[in-house]
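Taken in sequence, the protein lines are chains A and B. In terms of our numbering, the first sequence opens at residue 1 and continues consecutively. In terms of our numbering, the second sequence opens at residue 1 and continues consecutively.
The hints are simulated quantities; they were obtained by calculation from the structure and are not laboratory data. Treat the hints loosely; a few may be bogus.
Said to hold, decoys possible - Within a straight-line C-alpha distance of at most 35 angstroms, the following computed DSBU-like cross-link-like pairs (lysine-lysine) qualify:
| hint | chain 1 | residue 1 | chain 2 | residue 2 |
| --- | --- | --- | --- | --- |
| 1 | B | Lys77 | B | Lys60 |
| 2 | A | Lys83 | B | Lys52 |
| 3 | B | Lys52 | A | Lys101 |
Unchecked claim - Not the full set, but computed from the structure, chain A residues with beta-carbon under 8 angstroms of chain B:
| hint | residue |
| --- | --- |
| 4 | Gln41 |
| 5 | Leu43 |
| 6 | Tyr48 |
| 7 | Gly58 |
| 8 | Glu62 |
| 9 | Leu90 |
| 10 | Ser96 |
| 11 | Lys101 |
| 12 | Leu102 |
| 13 | Phe104 |
To be verified - Some, not all, of what chain A presents toward chain B, calculated at C-beta under 7 angstroms:
| hint | residue |
| --- | --- |
| 14 | Asp38 |
| 15 | Leu45 |
| 16 | Ala61 |
| 17 | Gly63 |
| 18 | Pro85 |
| 19 | Gly105 |
| 20 | Ser106 |
Beta carbons are placed, not taken as given, at the ideal position from N, Cα and C, and that holds for glycine.
Residue strings, one per chain:
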Amino acid sequence: DGGITQSPKYLFRKEGQNVTLSCEQNLNHDAMYWYRQDPGQGLRLIYYSQIVNDFQKGDIAEGYSVSREKKESFPLTVTSAQKNPTAFYLCASSKSRSDEKLFFGSGTQLSVL
Amino acid sequence: GDSVTQMEGPVTLSEEAFLTINCTYTATGYPSLFWYVQYPGEGLQLLLKATKADDKGSNKGFEATYRKETTSFHLEKGSVQVSDSAVYFCALRRKGAQKLVFGQGTRLTINP
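Next up, chain A with everything else stripped away, as it sits in the complex (with noise of 0.2 angstroms):
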């Protein structure tokens, strides 16, 4: 079955400790995105790239970091500059960057520790 699998589903972060969330998708998409979901304010862009080696700052990206080194991954680095990671974090893809239609991942739970 073709999807976007996202993990882990859950995730502690320690002070001072880099984590990193995984996404892949096998839907041959260009175009992936990573939201930030926190309680009573909807999802909020964080990083997204529109091709491989190639990608864009959202709204939200200072804390975070990304690659996008293969076309069916896109992994979120969550640093230890980023001073309020506890969030639910979903991973998209579209099939390009005019494609309207998000394909979501099931979201990984990060808590800090």
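Dock chain B against chain A, hints included.
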């Protein structure tokens, strides 16, 4: 900047009740409008969309009409089921823009 405002939740209804979830937006030009649904423990799924004024999007018994004059895209369903319990997100995307702008989400619970 662009923004989407949804009615406050949570919303609790009995099975077979009529559902309305209000959504209004602020954007330059004529954006495309969407409703996404998030079932418990899952990611978001596209429920329906409309790309121009007076368009009606529909899916699984849900409907929403793009109202330019009131900048609204309210979600409706005539008879809800327990399986409709989820969080519903209204969103917009300006033509040529890369990102979706989401509302805060409305949690819907349907009791049998």
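How the hints compare with the structure:
no.	hint	in the structure
1	B:Lys77 / B:Lys60	holds (9 angstroms)
2	A:Lys83 / B:Lys52	violated (40 angstroms)
3	B:Lys52 / A:Lys101	holds (16 angstroms)
4	Gln41	holds (6 angstroms)
5	Leu43	holds (4 angstroms)
6	Tyr48	holds (6 angstroms)
7	Gly58	holds (6 angstroms)
8	Glu62	violated (17 angstroms)
9	Leu90	holds (6 angstroms)
10	Ser96	violated (11 angstroms)
11	Lys101	holds (5 angstroms)
12	Leu102	holds (7 angstroms)
13	Phe104	holds (3 angstroms)
14	Asp38	violated (9 angstroms)
15	Leu45	holds (5 angstroms)
16	Ala61	violated (12 angstroms)
17	Gly63	violated (19 angstroms)
18	Pro85	violated (19 angstroms)
19	Gly105	holds (5 angstroms)
20	Ser106	holds (5 angstroms)
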